[in-house]
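Make a model of the complete structure from these sequences and hints.
Protein chains: 2
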Amino acid sequence: MALVCQLLGIHATVVMPRDASPAKRAACAGYKAEVVLCEPTNPSREEVSKALQEKHGYTLIPPFDHPDVIAGQGTAAMELIEQVGVLDTLIVPCGGGGLLSGSATAAKHLNPKIRVVGIEPEIADDATRSFRTKSLQTVKDPQTIADGTRTASLGKLTFPLVLQYVDDFQTVPEEAIKEAVRWLFYRMKLVVEPSGALGVAALLRGVVRPQGRVGVVLSGGNVDAEVMAKILLD
Amino acid sequence: MALVCQLLGIHATVVMPRDASPAKRAACAGYKAEVVLCEPTNPSREEVSKALQEKHGYTLIPPFDHPDVIAGQGTAAMELIEQVGVLDTLIVPCGGGGLLSGSATAAKHLNPKIRVVGIEPEIADDATRSFRTKSLQTVKDPQTIADGTRTASLGKLTFPLVLQYVDDFQTVPEEAIKEAVRWLFYRMKLVVEPSGALGVAALLRGVVRPQGRVGVVLSGGNVDAEVMAKILLD
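For the protein sequence lines, the chains are A and B, in the order given.
Residues 218 to 451, numbered by our numbering, are exactly what the first sequence covers, in order.
Residues 218 to 451, numbered by our numbering, are exactly what the second sequence covers, in order.
What the hints contain is simulated information worked out from the structure, not anything from laboratory work.
Please note that a few of the clues may not be correct.
Taking lysine-lysine pairs in the DSS-like style, the calculated list, with each CA pair at most 27 Å apart, reads [to be verified]:
no.: 1; chain 1: B; residue 1: LYS330; chain 2: B; residue 2: LYS357
no.: 2; chain 1: A; residue 1: LYS325; chain 2: A; residue 2: LYS395
no.: 3; chain 1: B; residue 1: LYS351; chain 2: B; residue 2: LYS406
no.: 4; chain 1: B; residue 1: LYS330; chain 2: B; residue 2: LYS373
no.: 5; chain 1: B; residue 1: LYS330; chain 2: A; residue 2: LYS249
no.: 6; chain 1: B; residue 1: LYS249; chain 2: A; residue 2: LYS406
no.: 7; chain 1: B; residue 1: LYS373; chain 2: A; residue 2: LYS447
no.: 8; chain 1: B; residue 1: LYS406; chain 2: A; residue 2: LYS447
no.: 9; chain 1: B; residue 1: LYS447; chain 2: A; residue 2: LYS406
no.: 10; chain 1: B; residue 1: LYS351; chain 2: B; residue 2: LYS373
no.: 11; chain 1: A; residue 1: LYS406; chain 2: B; residue 2: LYS357
no.: 12; chain 1: A; residue 1: LYS357; chain 2: A; residue 2: LYS330
no.: 13; chain 1: A; residue 1: LYS395; chain 2: B; residue 2: LYS325
no.: 14; chain 1: A; residue 1: LYS267; chain 2: A; residue 2: LYS249
no.: 15; chain 1: A; residue 1: LYS406; chain 2: B; residue 2: LYS351
no.: 16; chain 1: B; residue 1: LYS357; chain 2: B; residue 2: LYS406
no.: 17; chain 1: A; residue 1: LYS395; chain 2: B; residue 2: LYS395
no.: 18; chain 1: A; residue 1: LYS447; chain 2: A; residue 2: LYS357
no.: 19; chain 1: B; residue 1: LYS406; chain 2: A; residue 2: LYS395
no.: 20; chain 1: B; residue 1: LYS373; chain 2: A; residue 2: LYS249
no.: 21; chain 1: B; residue 1: LYS447; chain 2: B; residue 2: LYS357
no.: 22; chain 1: A; residue 1: LYS395; chain 2: B; residue 2: LYS330
no.: 23; chain 1: A; residue 1: LYS447; chain 2: B; residue 2: LYS447
no.: 24; chain 1: B; residue 1: LYS395; chain 2: B; residue 2: LYS373
no.: 25; chain 1: B; residue 1: LYS325; chain 2: B; residue 2: LYS357
no.: 26; chain 1: A; residue 1: LYS395; chain 2: A; residue 2: LYS406
Note that this is a predicted model, so its numbers are computed, not measured.
Next comes the structure, spelled out in C-alpha cells:
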C-alpha cells in the first residue's frame, strides 16, 4: 500500500501494531509512508485509525474486512490462474481471511470445481475452528512465528465468504513454517515471511495432499534480518 | 546443473573448490549430485575434472569457457528480451565471462543497438582491465564477497567475445555489492548471491547511468545463511 501510494503521489499513513516487524516499518518508511504505532489489538488499531480519519479526513483502508480489500487480495488467485491455466487445488494462508476469501471467491468464479484450502498455524487455528463449527471462533494473541496470522478472528465479511467458498482448512506446526521459509529461500530463492509460507509448509508436511495441478499463494516478504537469520540457522 | 541432471535422470558429479559456499554444496547434494572437492585454483579444478573424466568416461561441462556453456548462459539475456521487449541497456555480472559474453552475443543479435555493460567487483577487476587494454589481464584470488567472480581471468573463448560484443565495463566496491544484496532481499524479495547482485550494485551506486529501458541480469542465489545474515545485519 505504501508503494502504491508513492507511485500514485498520495500521502499514506499506516497504522501498525507496536510489535510489527521492523522490516515492515522500514519498508513503509522507505516508500515515504507515515507510520503511526498502536497497541497490538484490534480495538486499539481501530481507535487510532478512526481518530486519524476524523482529524484529517483520511480514507480508511482496513487490513482485511472490506469488500474492496477482499476483491483486491483476490486478484492474487485471479492472476495466478490467468497465468498458469486451470488448477485443481489452490492453497492459501489465512490470517483475517481477506486473502483467503478473496482468492477463494475469484478461484471458484473461474473454476467452480477447484478445491480451495486455507492454512493456519496450529497455535493460531481460530479460522480452522470457525470453519469446522460454522460459528466464529477466536484466538488470543497467539505467539506464532507467522505474525501475519495473529489476528483474533475472521471478519464480519470474510467469515461468510470462507464458509461459502473454502473447501477445507489445515494447520501446520511452527517447525513446518520455518522449514518452508528455509526451502523457499534455498530452493526457490524467494524471501517469504512465515505467514506467507504457510501453503508451502502444508505441502512439505503432507497435511494437504497434492491432487492434480496445485497452486500455492505466497504472500508477504516483510521478514527481518534477525528473524530470517534465526530461521535459516535453526 | 545438478537440478537439470536430476530431472533428466543423469548422474552428475560436480567438482567444486574447497572454499565454495556450503549452500552451493548442500544444493548440489540436495539434487543428488555427487560433489568432489578440489583446491580453489583453475589448475586443480582442471586436473581433478580430467582425472574423473578419464576414469569414468564422464562428459565434462566446464564452468564458462565452452561454446555450449556460453550459448546456454546467453539464454538469460535472450529470454529476458523475449519477455520484456526491446532494451536499450543490458547490465551483466562478469566472472569468467561466460554469462556476460553469452548474454552480449544474444542481446546484440536481437538488437545491434543495445548497450551491454559488464560489472565486476573493484578488487576483482581483471576483465575490466582486459577490456580496456585489449590484452588478457589476471587477478590472483581476490577476496571479494562476490565469490563467483574470483576467477583469475576471462577465458580463451570469452575474452574475444567480450571484446566484440561488450560496450563498457564498470566496477563496484564491496559495500555497494552488499547494499545491492540487501536491496534485492528487502525490496524485491529475492535471494541473490553477491556475484549475482553486481548489476544492481552498479545502478544503485550510479556507476552505470540508466539510459532508456534497462535490463539487469541477476545470476545466482547460492548464498549461505551466515553470509546473508552478515550482509543483512551490516
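Results for each hint:
Using a Cα cut-off of 27 Å, the hinted pair LYS330(B) and LYS357(B) is violated, with the two alpha carbons roughly 35 Å apart. Proximity of LYS325(A) to LYS395(A) is assessed by CA-CA distance (about 30 Å); at most 27 Å being required, the pair is judged violated. Between LYS351(B) and LYS406(B) the CA atoms are separated by roughly 39 Å; this puts the pair beyond 27 Å, and the hint is violated. Between LYS330(B) and LYS373(B) the alpha-carbon distance is near 26 Å, which keeps this suggested pair within the 27 Å criterion.
A hinted pair counts as satisfied when its Cα atoms are at most 27 Å apart, and LYS330(B) with LYS249(A) does not qualify at roughly 37 Å. The straight-line distance between the Cα atoms of LYS249(B) and LYS406(A) is roughly 19 Å, inside the 27 Å bound, and the hint therefore holds. Taking the CA atoms of LYS373(B) and LYS447(A), the gap is about 44 Å. The hint is violated against a cut of 27 Å. A distance of roughly 17 Å separates the Cα atoms of LYS406(B) and LYS447(A); the hinted pair therefore holds under the 27 Å criterion.
With a CA separation close to 17 Å, the supplied pair LYS447(B) and LYS406(A) stays within the 27 Å bound. Only pairs whose Cα atoms come within 27 Å are accepted, and LYS351(B) paired with LYS373(B) is accepted, the gap being roughly 13 Å. For a cut-off of 27 Å, the pair hint linking LYS406(A) to LYS357(B) is broken: about 30 Å separates their Cα positions. Proposed proximity of LYS357(A) and LYS330(A) is contradicted: the alpha carbons are some 35 Å apart, above 27 Å.
Proximity of LYS395(A) to LYS325(B) is assessed by CA-CA distance (about 44 Å); at most 27 Å being required, the pair is judged violated. Among the hinted pairs, LYS267(A) with LYS249(A) is consistent with the structure: their alpha-carbon atoms are about 21 Å apart, no more than 27 Å. Straight-line distance between C-alpha atoms of LYS406(A) and LYS351(B) comes to about 37 Å, which puts the hinted pair past the 27 Å bound. Proximity of LYS357(B) to LYS406(B) is assessed by CA-CA distance (about 34 Å); at most 27 Å being required, the pair is judged violated.
Pair hint LYS395(A) plus LYS395(B) holds up; C-alpha atoms about 25 Å apart against a cutoff of 27 Å. Of the supplied pair hints, the one linking LYS447(A) and LYS357(A) holds, its CA atoms being roughly 25 Å apart against a limit of 27 Å. For a cut-off of 27 Å, the pair hint linking LYS406(B) to LYS395(A) stands: about 17 Å separates their Cα positions. Restraint check for LYS373(B) and LYS249(A): the C-alpha separation of about 49 Å exceeds 27 Å, so the hint is violated.
For the suggested pair LYS447(B) and LYS357(B), the alpha carbons sit about 25 Å apart, so the restraint of at most 27 Å is met. Taking the CA atoms of LYS395(A) and LYS330(B), the gap is near 47 Å; set against the 27 Å cutoff, the hint is violated. Between LYS447(A) and LYS447(B) the CA atoms are separated by roughly 12 Å; this keeps the pair inside 27 Å, and the hint holds. Note on LYS395(B) and LYS373(B): the hinted pairing is violated, with a Cα-Cα distance of about 31 Å set against a maximum of 27 Å.
For the hint pairing LYS325(B) with LYS357(B), the CA-to-CA distance comes to about 31 Å; that exceeds 27 Å, so the pair is violated. Our distance criterion of 27 Å between C-alpha atoms is met by LYS395(A) and LYS406(A), whose separation comes to about 15 Å.
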